[in-house]
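Participant: Based on these hints, arrange chain B on the given structure of chain A.
Read top to bottom, the protein sequences are chains A and B.
Just so you know, the working numbering puts 104 at position 104 of the first sequence, and the rest follows in order with no gaps.
Just so you know, the working numbering puts 674 at position 674 of the second sequence, and the rest follows in order with no gaps.
What the hints contain is simulated information worked out from the structure, not anything from laboratory work.
It should be emphasised that the depicted structure is a prediction, and the values quoted were computed from it without experimental measurement.
Careful: at least some of the hints might be erroneous.
BS3-like mimics (lysine-lysine), calculated; alpha carbons at most 30 Å apart, straight line [to be verified]: (1) A/240 x B/128; (2) A/165 x B/29; (3) B/766 x A/417.
Residues per chain, in single letters:
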Amino acid sequence: MTARNSIRFLRRGEVVELTAVAPIRTVLDYLRLEEGARGTKEGCCEGDCGACTVALGSLKDGRLVYEPVNACILLLGQIDGKELVTVDDLSVSGKLHPIQQALVDHHGSQCGFCTPGFVMSLFPLYQSGAVANRKMVVDQLAGNLCRCTGYRPIVEAALAACTGKPDDAWSEARLEIAQTLAGFDDGTDLFIGDDEEFFAAPAFDEALARLTEKHPDAVILSGATDVGLWITKQLRPIRKIIFLGRMRSLREIVETIDSVRIGAAVTYAEAEPSFAAIDPDLAELLRRIGSKQVRATGTVGGNIANGSPIGDTPPALIALGAGLELRKGRQTRALPIEDFFIAYGKQDRSPGEVVAGVSIPMLKRGEAFRCYKITKRFDQDISSVLGAFKFGIAQGRITEARIAYGGMAATPKRALKTETAVKSLSLDDPAGWAAAADRLAEDFQPIDDHRASAAYRSETARNLLIKALTEMAGEATRNTRITGMREFAHAG
Amino acid sequence: MPAKVKRIATDTVGLALAHDSAELHVQGKAVYIDDMREPEGTLHVAPGYAALGAKGRITVCDLSAVRAFPGVVAVLTAGDIPGINDCSPAMGDDPILADGEILFHGQVVFAVIAETRDAARRAARLAKIEIAGELAAITVEDALEQGTEDVLPPYEFRRGDPGKLIAASKSTISDSFHVGGQEHFYLEGQVALAVPEEAGGMLVYSSTQHPTEMQHCVAKMLKVADAFVTCECRRMGGGFGGKESQAAQWAALAALGARITGRPVKCRLDRDDDMIMTGKRHDLRIDYRAAHDRTGRLTAVDAALLARCGYSADLSLGVNDRAMFHADNAYYYPAVRIKSRRLRTNTVSNTAFRGFGGPQGMMLAERMMDQIAHRLELDPLDVRKRNFYAPGRDRTPYGMKVVDNIIHDVVAELEKTSDYRARREAVRAFNAKNQVLKKGLALTPVKFGISFTLIHLNQAGALVHLYTDGSVHLNHGGTEMGQGLYIKVAQVVAEEFGIDPERVKITATTTGKVPNTSPTAASSGSDLNGMAAQEAAARIKARLVDFAAREWKVKPAQIRFAKGRVIIGNQSVTLAELARRAHQARIQLSSTGFYATPGITWDRDKVKGKPFFYFAYGASCSEVTIDTLTGEMRVDRVDILHDVGRSLNPAIDLGQIEGGFVQGMGWLTTEELVFDTQGRLSTHAPSTYKIPCASDVPEDFRVKLFASAGNPASTIYRSKAVGEPPLMLALSVFSAITDAIASLKPGCMPPLEAPATPEAIMKAVKAMSP
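Bound conformation, chain A alone:
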C-alpha cells in the first residue's frame, strides 16, 4: 500500500490539502506566515502562555470533539484529519460569537494580546455543551496567561457564555463537519518528503517498523509538547519526524478488572478517565500536568519516553507498579517502569525503539494511593518535588510500601530504603513515621536549581511522606491539603 503524501484538514468549511509540509513547520507559523491569518498571537512560543491557542476538532469514538491546543509548538503535520478553528473564524458577517460578545460585555480584555487565546480556549468548552462552573472554567483556562485583567472578568464571561447547548455556526454544521472528518480517516500511512527530510505519520505497525528500522535517527514524535521546544527554542535542525498520533495500535486504552493498559500515543486528556478510575489523586495529578492545551496533545507515553527527572507521571506509575512495553520493529519487550530510567537523559531505549504502552495495575483491597505535586504555582507548573505512595494496610499497620519521587534525583526514582523502613509501621505511631522518613536522606541527594533548593526538596519529600501517613491514619484531606482534596474529588 502506498502512503499518502499530503495532509488534509478542514478549515472554514473547506478541505485544505497540503503536499509541501516542512517537517518542523508549526501550526502558528503556518497561520501567520503562510495563511496571513494574524489573529492568533505568539506570546512565548513554548506552549506556556496560551496566546496562540487554536481549537482542533476531531472525532473521538465517532463523536465530534473540540480541544484547545498551543499552535506554537504543534506541528502542521499533526493536524492531519482534523478541523482547525482560529479566532479569525468566529465572528460571522460582523456578528460576534457568543464567547466574544461575553468577553466584550464583561470587560474581559485590556491589552487584548492574550484575548484570542482565551477565546479559543473557551470555544471548546462552549461546544461541549457543558453548563460551566467556576472550577471548570479556571481549569479550562489554566494554560492561558493574562497579565492585565486579573482574570475575574474573563471567568465571568465564560460562565455567562457557556450555559449549555451551543448555538453557533459550528453547532449548526456539526453533522457536516463530522462527516468530513470521518471521510478523512482513510487509515493509510502518511509520508511527506524524501529519505533526507520527512514528516511521517504511519497508521500501521508494519510501516512504523519499517520507518524506525530505516531511520533510527528520526525523532519519534508523540504530542510535541516537548519536541516542539526543541524546534522553537533550541532550534535543533530536525529533518526526520515519525509521528505516532495516527498509530491505531498505540492509541488504545484497554481496561480489565485488575489493570489498565494505556497506549503510548493516548493523550493525557484521553487517559484522564482511566487514571481517575484508579484513584482521585491520580486524576488530580493529571489535571495539574500542563494545561488543557498540553493535555490535548501530550501523551503519557511521551512523558515516560522523555525520561525527565521531573516528569509527573513516572513517579506515580512507579509507585503503582506499572509495567512498560517497548517495541522495536516487530520485537516487543516489557519491563518494570522504574528500570526504564537509567540515568539523567538516559533511558533503556535503543535507537528506533519506541515506547508502546504502559500497564497500570488497579489498586487492590487494602491498598491505598497518595500523590502530591509541589510547584510554585498550582496550575501549569513543573514540579519541584513530586511524591507518590502506594501502601498496603492491614490491621492499622503498613504492610507494603512503594514510594517514588520526582525532582529528587537525576531520574524518577524509588525510595527503597525508606520503603523498608515504612513497612510494618503502625498508623498511630507518628514518632515511628518520623524515623522512617529520615531514611529518605539515604535514598536521595537532590540538587539546587531555579525551582527549589536541595534543602527544600529534602525537607518537603520528608514532609510528604508524613502527610501521606497522616492521611492513612484517617485525617481528612481537607485538613491536610490546600489543593486537590479527595473529599471534593467528584464535586466538580
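Facilitator: For chain B alone, coordinates are given in the frame of chain A:
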C-alpha cells in the same frame, strides 16, 4: 476629610464603556506591530550575545559563520552605528551593541539581519564570542562586598535624629530582608518595525510607552535630526513599565538595520531573549531599625534601601526615589532617616515597573507594622491604624504635608464590609484546631503619590480635529497599553462636544502629531492627556460658540453642546451642520491642547517641596491558608476598597484595580527571578517564571470603588490616577501569609522574604518551630 467637591453633571464621562478596542481584541483583529502587513522586502533582526560571561572584555568575536548562514543579509556590530551607540533614557550608559566589553549576561553584542526571522535566529546562534571573565557582582550582597561603584549617588531623607532615639528606646525592632524583582511579562514581547523614508528619514513603529524617547534614540543613533524620525504606536500588548526605556534598543536595531540595508526591518524578540535582555523591577535588600511606644506607635525609623540596579543607571534614579517616597506608605514617622543606595551589579539594568519603586518602599512600612504587632501580640490592623497620618502628624519624611488624607475612612469602611473582626476570631479558632494548615488575615492600606517626581515630565499635548461631518479625530501623547487611556480621553472629548464617543476616532500615538511627549507612566496618562485633549476640544468649541453667537445673534451662554446637537438659543443644529457653516466662514476646526500639572515644586537637590499633586488611597483585606508541611499557599478571599476620585470610566478603573492587585500578588508570591552563580537568568520563560493564572485568583474576590466626592485636587473631572496604586493592595497577601506563619509562635515575627514561594514560606515556618 477633604473639602466637598462640586459635582459636574456629565453625559459620557463616568460611563462604564467597553475598551475602545474590545471588539477587535476578541476577534483577533486588533493590529499589533507584528500583525501589520510587512512592507515589501522586509528583513528581520535577531540579537546575538555571548553564551557565557557576565562581565569582561570581549577577546574573541568570530561572526564568520553567522555571516555565511543562508539568508543573512548583514551582521551589525557597534562599529556600524553612524551616530551615538546608546539607548539609555538619560545617562548615556546603555550601549545598543556592546563595544569591547560586556557588563551582564545577555548583553547584545551583534545583530543579524536576514530574509526571515527564522534564519536570523538560527544564524545568531553560530557566533563564537569569548569573554575575559572578571569577577562579577550578581547580588546586592556581591555589590556590597566587592564595593562596586554605585550606578548613581546615594540619596537620603531625614528628619530629627532617629539613630539617637532608637538607641535610647526600650522598644525597638530591626530586620534585614529581601524583596524580589519582577519580570513584566507583557504578553506581546518587544517589537519594532523600521521603514526607511526618503532623504534619510525613518518611520519607526514601536511597541513603546515612550514614542518620543524612541524618536530621540533612533535620531542620535542614526546621526540625523529628530525631525527626520517619526515614531508611532497604536497599541501595546501590555507595557507595565517594561516598554518605557526598554523598548529603545529594539527600535534602534531595527532602524540601524533599515539604514544599512535600505529595506524595512523588523525586530521582534523571542520570549526567552526578551526576558534575558530587558530590565525588570528592582529587587532590594531593606535594612531597618525602629523604635515604638507601648501601643505600637512608631517614634523613630532608620532604614536603608539597597537596590540592585543592574549594570547601568536606566531609570534607577526615579525608581529608587519613589521607593523612598513610599517607605512611609500611609504612616507617620516622627523621626526618620530613609537612605537609598543604587548598587551596580552585572545583571540586566533594572527599570520601570508599575509602582516604580513604590511597592518596594511600602514593603518596609508594612514589615514594620507586622513586626511590631506580632512582637507585641497586638492585632496588626490596630497597629496600622495607630500609625496612620492624622492631623498634627501629617508631614511625610520628605517634608510634604498630607492634606487629602482619607485613609481612615477607607480602612474603617473596609474593616466593616470585610467583616475583619469576626474573621480574625474565625482565623484564630481555625489555627487552634488545625495542625497542618494555618490561616492568616491582613488588612493593609495604600497611599500613593501622583505626579512624575521629575517635574518637567508632568506635561502633555493633544491634537483634535473636528471634520465638517461632525466627526472628531483625536490624538494625544499618551500611549495605549491596555489600561484604557484611549477610551477615557475619548470620553472626555466626546463630553466636550456633546457627541457619542463613537463619533470620536481614536488614532495612533505618533511623534509626528504631538511632539515632545512624556512617557505614559507614573499612572499619569489620563490626568495629563485627558486635560490636554479637553483643552484642545474646548478651544475648537469656543470658536464654534463665538461663531454661532454671531450667526444666530444669541449670547454665548445660550449655546450648549449635547447629544450630537448644538442648542443655540431656542434653535438647534447638528454638530455637523455647525461645523460645515463654521468651515464656510473660515473658522479653524483643529486645535492643539496642552496641560502642565500645577502646584508641584519638588527640588531634589534641596530635598524640599511638594513632589505630588495629590495621593491615591486604597485598602485591601486578604485571607490565606498555608500548608506548614510544604509551604504551599492559597488565597481564600480578598476584599478591596479603592479610591479613584470620581471615575472617568468605572469599568476600566475596576479592571485596573483587579489587574493591578493580581499582578502585585504574583510579585509577592509565585514570581521568582533566579540568577545562577554565573549571572545567567535561569527563569527566562513562562515555564520557569510563574505569573498568576486564573485559578490563583480567589473565588471570593470583592472589589469596590470608594464612594468619593471627587479628587480635591483639580484633576480632569475630579478623577484620580489608577494605573499603579492598586498593585500595592497585594501587600495584604504578603502580610496575611506572615500572619499565618506568626500563629506558629506567638510573640515572634516570621522571617518571611518576598516572593513568598513555597520554599520561602517553609523557611519562615522552620524558623518559627518551637
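Participant: Each of the hints needs a verdict: does it hold here or not?
Facilitator: Hints, one by one, checked against the model:
{"no.": "1", "hint": "A/240 x B/128", "in the structure": "holds, 28 Å"}
{"no.": "2", "hint": "A/165 x B/29", "in the structure": "holds, 27 Å"}
{"no.": "3", "hint": "B/766 x A/417", "in the structure": "holds, 26 Å"}
Consistency note: the structure conflicts with none of the earlier hints.
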